[in-house]
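Those protein sequences? They're chains A and B, same order as listed. Note that our numbering has the first sequence beginning at 153, numbered continuously upward. Note that our numbering has the second sequence beginning at 481, numbered continuously upward.
Simulated from the structure, these hints should not be mistaken for laboratory data. Every residue gets a Cβ at the ideal spot worked out from N, C-alpha and C, and that includes glycine.
Residues from chain A shown here face chain B by an in silico Cβ test under 10 Å; the list is partial: (1) 205; (2) 217; (3) 218; (4) 224; (5) 227; (6) 236; (7) 244; (8) 268; (9) 269; (10) 312; (11) 326; (12) 357.
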Amino acid sequence: MEGPRLNGNERHLPRSRRPDPRTGRAGGTLDAALDETLDVALDRARNGEEAGFVELYRALQPPLLRYLTVGRNDAPEDLASETWLQVVRDLPGFRGGARDFRAFLFTVARHRAIDAGRARAARPVVHLVAEPTEVHTGDGSVPSAESSALESISTAQALELVASLPPEQAELVMLRVVAGLGVAEVAGIVGKKPGTVRVGVHRALRSLAGTRRARTMTEEEVG
Amino acid sequence: MVSEDETWEVEPLVRALRAPGTPEELAGEATLLSAYREAHAAPQSVRRLVGRFGLGATSAVAAVVLSAGVAAAYTQALPDPVQRIAHGVLGPVGVPAPQKQEPAARVALPEPSPTSSASTTPTATPTATPTRSPGPGRPSPTRAPAAPPTVGTTGSPADLPSPTPEPGATPTTGTTSPPRPVPAAVAVRTSSSRVPAGGTARVIGSLTADDGSALRRRTVSFWVRPVGGSWSKVGTARTDRAGRVSFTTPALDRTTRVRLGTPSGVLSEVLTVVVVPQLVVSVVEQGGTSTVTVSTTGAREGETVTAFRSVGGKLVRVGSARVGPDGSAVVSVPTPGKQVRLVLRLRGTAQHAPAQTSATIGG
Chain A
153 MEGPRLNGNE RHLPRSRRPD PRTGRAGGTL DAALDETLDV ALDRARNGEE AGFVELYRAL
213 QPPLLRYLTV GRNDAPEDLA SETWLQVVRD LPGFRGGARD FRAFLFTVAR HRAIDAGRAR
273 AARPVVHLVA EPTEVHTGDG SVPSAESSAL ESISTAQALE LVASLPPEQA ELVMLRVVAG
333 LGVAEVAGIV GKKPGTVRVG VHRALRSLAG TRRARTMTEE EVG
Chain B
481 MVSEDETWEV EPLVRALRAP GTPEELAGEA TLLSAYREAH AAPQSVRRLV GRFGLGATSA
541 VAAVVLSAGV AAAYTQALPD PVQRIAHGVL GPVGVPAPQK QEPAARVALP EPSPTSSAST
601 TPTATPTATP TRSPGPGRPS PTRAPAAPPT VGTTGSPADL PSPTPEPGAT PTTGTTSPPR
661 PVPAAVAVRT SSSRVPAGGT ARVIGSLTAD DGSALRRRTV SFWVRPVGGS WSKVGTARTD
721 RAGRVSFTTP ALDRTTRVRL GTPSGVLSEV LTVVVVPQLV VSVVEQGGTS TVTVSTTGAR
781 EGETVTAFRS VGGKLVRVGS ARVGPDGSAV VSVPTPGKQV RLVLRLRGTA QHAPAQTSAT
841 IGG
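Next up, chain A with everything else stripped away, as it sits in the complex:
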C-alpha cells in the first residue's frame, strides 16, 4: 500500500514498517535503523567528507559484493569496484536519502552485471584447460561439515545455498534480504509485481531452510 495514511492493516505495524510519511512507501526494510545513520553519512559524503563516504562503503560494500557473488558473475569484485566508481562520480549530484542511495547502488550494479553477461554471451563457447597432475596419497580427509546445529552456518555457506536457487529467485532473496530493499523497490528493479516478490522471497527462504535441515553439508572448500 502506497500512501501516507495508515490503513487498517498497517496500524499495528511497528513504526519502522509503516509507510514512510515522506515518500509514502511502505513495505518496510530490514535496515530502517541503519538508513537513519546512513542518511547522515550520505550527506557528509556529498559534502566531500571522507569519513561519511567510508561509512557508506563499509555498510554497503559487503551486501553489494555478496549480491554480485551470488549472481553467477565471473569477477564480482571487479563489478563491485566499477559500481562504486560510477557511484562516486555521480555522488555530488545525487538527490535522495540513504534508502534511495541503496536502491541506486544496487541498480547500477545490476546493470553492470547484465552488461558483463551480454559481453560474455556474445563470445564463442569457452573452455578451461584442466590437467590433473601430481598424484599423491594422503589421508586426504574431507571434513564432513555436518551442520546439524541450525546456527552454525557461515556467510559463505549461506551464499552457496542461495546460489543454488534458480537465478531469479536468488536475486529476489539477495535484493530483499541482503541489499535490504523494500518489496516495492525490489519489484521495480527486477520488473515484477510486489506480491510476486514478497511471496517468492518467503518461499525461497523456507525451502532453503528445509534443504539445510534435510541434508548433510558435505560440500567443503578443498584445495
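Keeping the supplied structure of chain A fixed, place chain B upon it in accordance with the hints.
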C-alpha cells in the same frame, strides 16, 4: 503480511547472509577513497573562493564550477558555456579564456535553490546543481539510472552516465575502463590420471581470454562426480596472476570425473581420475596348503580376486575368492613343490581400474 515479513528475520540463514563485512570484502576501500578524493574538490578551496567573490547572483555559478573542480577549469576541460562563465567570474584567479570567439552568449543558468543563496557556510554543497533528469529515487529497470551530471551544463544525452564503461562525460573523474576480457577457448585436452584408492589428485586449471591472455582473480569452482553419483561442487578458488588455479580432490574411493567451471557457467572438459585398488598379499603355508590372503583397498565386497600361475608362458587360473566385508579375499591352493610365482588379479569395474599383484609360494 506482517508475519511473513518478520518470521524470516530470525532465520540463521538470514543472519549469516547479513553478517558484518569481513576485511577481505572491504579490501578495496583505500583504492576507492582516492577515487573519491579526486571526484570531490577539497572543501578548503571552496571556502576560499566563495568567500572571495561573495554570494548572491554569482553563488550558483560558483557552486557549479567548483563542484567540477577548479583544476578542471584550468585545463579547459569544462564544457564551453560553463568555461565562459568561469572565466568571467574567476577572471582574477587566472582561468584561461575559452578558445572559441563567440559573442557573450546567454546561457541558461541553473536556478539557485533558496538554500544556497542564503547559506554562508563554507561547504558549498552542490544542492545548486540542477537536476535535469529524474532523480535516482526512481530507477527504471529499462535504462541506465539517470543521476544528474555533476556539472550544470545544458545537458545532452551524452553527458548522462551509463552503466557501460565509456569515456567519462564529466571532467572530474576519468574512469574509463576498457571492456573486461571474457573467458574464451584456447585449447582443450583430455587426459586422465590414476590414483591409488584413498589417494587424491590435483587438478590444475588455466583460464584464458580470446586472445590467449591469462585472466587473473577470477572465480573458478571445482566439481567432482564419482561414478554412479552426481556432480557436486567441492571447492572454489580464484585464479592467480598467471590465470591458473589448482584444486585437490577429496580422498577418492572410486573413479571420479572432475571439471572446472566459472560462476557464469563456462565449463571445462570433463577429466577422469581413475582409482587403482591396492592389493597386499600375505601367504601362510601349512600342511601342504598355501592360504593366500589378499587385502584390498578400493575393492567392493563381492568382487572376485583370481589367482593364476604362469605355465609355459601363459597364465593359468588356479583359484579365486570373493572379497569379504573386511575387504580381503582368501584363496587356498596346494603348496607347490617348487617355487612358483602366483599372480593375483582384481578385475576392473566401472568404479576402479584392474589391479594385480604377485607372490611367491612353494619351494
